[in-house]
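Work the whole structure out from these sequences, hints included.
As numbered in the working numbering, residues 113 to 177 make up the sequence shown, in order.
SDA-like, lysine to any residue: derived pairs with alpha carbons at most 25 Å apart:
| no. | residue 1 | residue 2 |
| --- | --- | --- |
| 1 | Lys154 | Gly137 |
| 2 | Lys119 | Glu142 |
| 3 | Lys119 | Glu151 |
| 4 | Lys150 | Val164 |
| 5 | Lys121 | Phe168 |
| 6 | Lys154 | Gln135 |
| 7 | Lys121 | Thr163 |
| 8 | Lys125 | Ser136 |
| 9 | Lys150 | Gln126 |
| 10 | Lys154 | Phe168 |
| 11 | Lys154 | Glu142 |
| 12 | Lys150 | Val162 |
| 13 | Lys150 | Gly137 |
| 14 | Lys155 | Ala128 |
| 15 | Lys119 | Gly132 |
| 16 | Lys155 | Arg145 |
| 17 | Lys150 | Arg120 |
| 18 | Lys125 | Glu166 |
| 19 | Lys121 | Val131 |
| 20 | Lys121 | Ala139 |
| 21 | Lys119 | His147 |
| 22 | Lys121 | Val152 |
| 23 | Lys125 | Gln135 |
Worth flagging that the hints you see were computed from the coordinates, not collected in a lab.
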Amino acid sequence: MYRLRLKRKLSQKQVAEAVGITQSGYAMIETGRRHPRKEVMKKLADFFGVTVDELFFNEDRGQSS
113 MYRLRLKRKL SQKQVAEAVG ITQSGYAMIE TGRRHPRKEV MKKLADFFGV
163 TVDELFFNED RGQSS
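And the structure:
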């Protein structure tokens, strides 16, 4: 997610607001310290234009996220 967010030149706050969560909650998800609910996973995937699997379960997350 970090790379997708930076590629779009967005702040954590902008992404968080777009999907209806707090900036601190988004930061914890982005850094892997928190696992989002299914509905939040879907909103984030839709926001970034990828699948939930690509965003959260891709073995190569460091490359594409």
